[in-house]
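Visitor: Line by line, the protein sequences give chains A and B. If you read the first sequence in this note's numbering, its first letter stands for residue 1, the second for the next number, and so on. If you read the second sequence in this note's numbering, its first letter stands for residue 1, the second for the next number, and so on.
Heads up, some of the hints might be wrong.
As the list claims (entries may be wrong) - So the derived list for chain B, only partly shown, Cβ under 8 angstroms to chain A, looks like this:
1) Gln149
2) Asn252
3) Glu253
Said to hold, decoys possible - Distance windows between CB atoms, simulated:
4) A:Glu264 with B:Ile124: 35 to 41 angstroms
5) A:Gln354 with B:Trp142: 29 to 35 angstroms
6) A:Asn127 with B:Ile124: 36 to 42 angstroms
7) B:Ala138 with A:Lys219: 44 to 50 angstroms
8) B:Ala33 with A:Val230: 30 to 36 angstroms
9) B:Leu132 with A:Glu342: 47 to 53 angstroms
10) B:Tyr146 with A:Asp363: 31 to 37 angstroms
11) B:Glu52 with A:Glu333: 31 to 37 angstroms
12) A:Ala126 with B:Leu271: 53 to 59 angstroms
13) B:Ala48 with A:Glu264: 20 to 26 angstroms
14) B:Ala48 with A:Asp157: 37 to 43 angstroms
15) B:Glu52 with A:Ile312: 33 to 39 angstroms
What the hints assert, rightly or not - Example chain A residues on the side facing chain B (calculated, C-beta under 8 angstroms, incomplete):
16) Arg59
17) Met85
18) Gly100
19) Ala102
Simulated from the structure, these hints should not be mistaken for laboratory data. Cβ coordinates follow ideal geometry from the N, Cα and C atoms, glycine included.
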Amino acid sequence: MLRPKHLARSTPIHSALALFSACSLSGCGGVEREEPSRNAGEARSEQVILLNVSYDPTREFYREFNQAFAEHWTGVTGATVTVEMSHGGAGKQARAVIDGLAADVVTLALAYDIDAIAERAGLLPANWQSRLPHNSAPYTSTIVFLVREGNPKRISDWDDLLKPGVEIITPNPKTSGGARWNYLAAWAFVLKREVSDLSKLGDPGYAADIARAETKARKFVTELFRRVPVLDSGARGSTNTFVQRGIGDVLLAWENEAFLAAEELGPDKFDIIVPSISIRAEPPVTLVDRWAEAHGVREVAEAYLEFLYSPIGQRLAAKHYYRPVYPQHADPEHLKRFPDVELISVDEVFGGWQKAQGVHFADGGIFDRIYTQ
Amino acid sequence: MFRALTARGALATAPSRVVTRERAPVRWLLTGAALAFLGVFLLVPLVAVFAEAFRKGVGAYLASFTDPLALSAIKLTLLVAAIAVPANLTFGLVAAWLVGKYEFKGKSALITLIDLPLAVSPVISGLIFVLLFGLHGALGGWLAQYNIQIIFAAPGIVLATMFVTFPYVAREVIPLMQEQGCEEEEAAISLGAGGWQTFRRVTLPNVKWALLYGVILCNARAMGEFGAVSVVSGHIRGKTNTIPLHVELLYNEYNFVAAFAVASLLVTLALVTLALKTVVEWKSRTAQTEFLPDLHNRETPDEDRTAEHLQDVWQLQGAQ
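Based on the provided sequences and hints, a complete structural model is requested.
Guide: Pasting the structure below:
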């Protein structure tokens, strides 16, 4: 009498055990992802998995691009390739790769974040940026303003951001690449206004003028961040704060993110304002040698990055509001959407990303000091 | 908490009467304020989740679940719960048994340690695992040599979830075991029952409701955990996103119907948890009130009860 009862009771335990063992078999991520790619080297009909760790606003672009690449790769080699994506603030994503997120390729918001991966984790060579054309940036972008319909606060340029009563939305420069571009664009605007000719920046003859201009720039940026009620960790978080939660009067946004919000979320809710001057943002891409080799996918990962420069890659970039480096491949309809704006580069104003990061965004840098003031 | 239940059980037998001396308007006002508060903070958000989920109709709602990303998030969440809950059931029971039935040095330190995951912010819980298993963590370099991924993969998510949900079972069972003491076990052993027999036929039946209650809470938290899992997940879509992370992802992609549809799964889970919790509380209360007279009047019923267990023991011995 006791036995059957005992048996009946143990059934759920057995099924739980079965589940448990099934879990431990499939649960080990490393083994699971290695299997298909190793086979891919031997027989081309197998499936290859790539992991692309990217920044926040590239979600829509890479969703379409990955599909196009998968078709292309199957056409060329017969193998099936699946590209897995991870998105977040660029700084946060770089941190995750440094901590061991095994990306085969990274496509981040700015060069410094990839430098950090090379420096701190040694997962790729320090000269990574020279491996692909155009500083490894297959598309560029810039920073524009997104305002509410009809531009009620009459914001037309950087100066207007400091008008009384204007609330600004931008992500946190510590974790977001887009936010660092926002910050540098504002800084560059003041320098340009003060010294008018940016070629003076490297000239010791104007040192006093430049020092004065930099003090003003610092004041400007300090004031700007004082008007930010919420610092999200990534660009997408900020867009949601502005669009969905309705906080703030102006969003400092990636051009592509602003277009996405304005054209796809509410054409009659937002206007894009292009300032007189902005920054030329180059979001770079590169192979993470250490993991691509460990997973045996170096060849396909390299082809993936090169495909970004192909006519199809360039056309898709323009479609998703990124400025292609080879505009001749893009649809002219798509190109028409990009406004003409004077774009200055990080190299000419800040002497490169390494320097800009050290002076402005490193621990104890200018951003830390102005934000805690 | 079970002490409170016992007290309530005792009160329930007293005749009910109005215990307040406040005037009716004051009572109405206070009750109304409490209900309004509940409505605003619990009911409205609950309704809002379902309203948003069904905004584009049932078709769009159901389509949210056929998306392969949603399916993989649901699968991963079930997998994590299927590992974390049984593991914590075992560890929690063992810890409770140790703490409830034995006296040893450092016992209070152990109890504090069991509570630690409740006191630590989930973000820190996640970072602990990054520090341990990250590429530059204590074990990271060694793991990387063999290409073993712990964090930013399913094993890391399971570990973080287990850490965060560890106290739930133990916390429910410890007070009950402490209250019940060891008399029944001693009696069983003195009559010749083995260790495993005593545990299975005496200890376990006495705590089964508390245990179930702990498992329900543990499961709810395991499926709903966001913070710690977010830190160790790596957010690889279709692979290391659990249901809560998938909800955030959909929301960030302006896919509000799908975000709230998947969120409604978690809300349903919460409602089911609440219902189960109520049933278990009620069951355990009846079990407690049955047990209650034994404490006050230690003659016949208690002996009957022990005798019942011992009869089982003899029966078993006879069967062997």
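Visitor: Does each hint hold? Answer for all of them.
Guide: Cross-check of the supplied hints:
1. Gln149: holds, 4 angstroms
2. Asn252: holds, 5 angstroms
3. Glu253: holds, 6 angstroms
4. A:Glu264 with B:Ile124: 35 to 41 angstroms: Since the Cβ atoms of A:Glu264 and B:Ile124 sit about 38 angstroms apart, the hinted range of 35 to 41 angstroms holds.
5. A:Gln354 with B:Trp142: 29 to 35 angstroms: With Cβ atoms ~32 angstroms apart, the hint holds.
6. A:Asn127 with B:Ile124: 36 to 42 angstroms: holds, 38 angstroms
7. B:Ala138 with A:Lys219: 44 to 50 angstroms: Hint holds: Cβ distance 45 angstroms, inside 44 to 50 angstroms.
8. B:Ala33 with A:Val230: 30 to 36 angstroms: holds, 31 angstroms
9. B:Leu132 with A:Glu342: 47 to 53 angstroms: holds, 50 angstroms
10. B:Tyr146 with A:Asp363: 31 to 37 angstroms: holds, 34 angstroms
11. B:Glu52 with A:Glu333: 31 to 37 angstroms: holds, 35 angstroms
12. A:Ala126 with B:Leu271: 53 to 59 angstroms: At roughly 55 angstroms between Cβ atoms, B:Leu271 and A:Ala126 fall inside 53 to 59 angstroms, so the hint holds.
13. B:Ala48 with A:Glu264: 20 to 26 angstroms: At roughly 24 angstroms between Cβ atoms, A:Glu264 and B:Ala48 fall inside 20 to 26 angstroms, so the hint holds.
14. B:Ala48 with A:Asp157: 37 to 43 angstroms: holds, 39 angstroms
15. B:Glu52 with A:Ile312: 33 to 39 angstroms: 37 angstroms Cβ-Cβ, so the 33 to 39 angstroms window holds.
16. Arg59: Cβ of A:Arg59 sits 6 angstroms from chain B, so the hint holds.
17. Met85: OK, holds: A:Met85 within 8 angstroms of chain B, min 5 angstroms.
18. Gly100: OK, holds: A:Gly100 within 8 angstroms of chain B, min 4 angstroms.
19. Ala102: holds, 6 angstroms
Of the hints listed earlier, there is not a single one the structure fails to meet.
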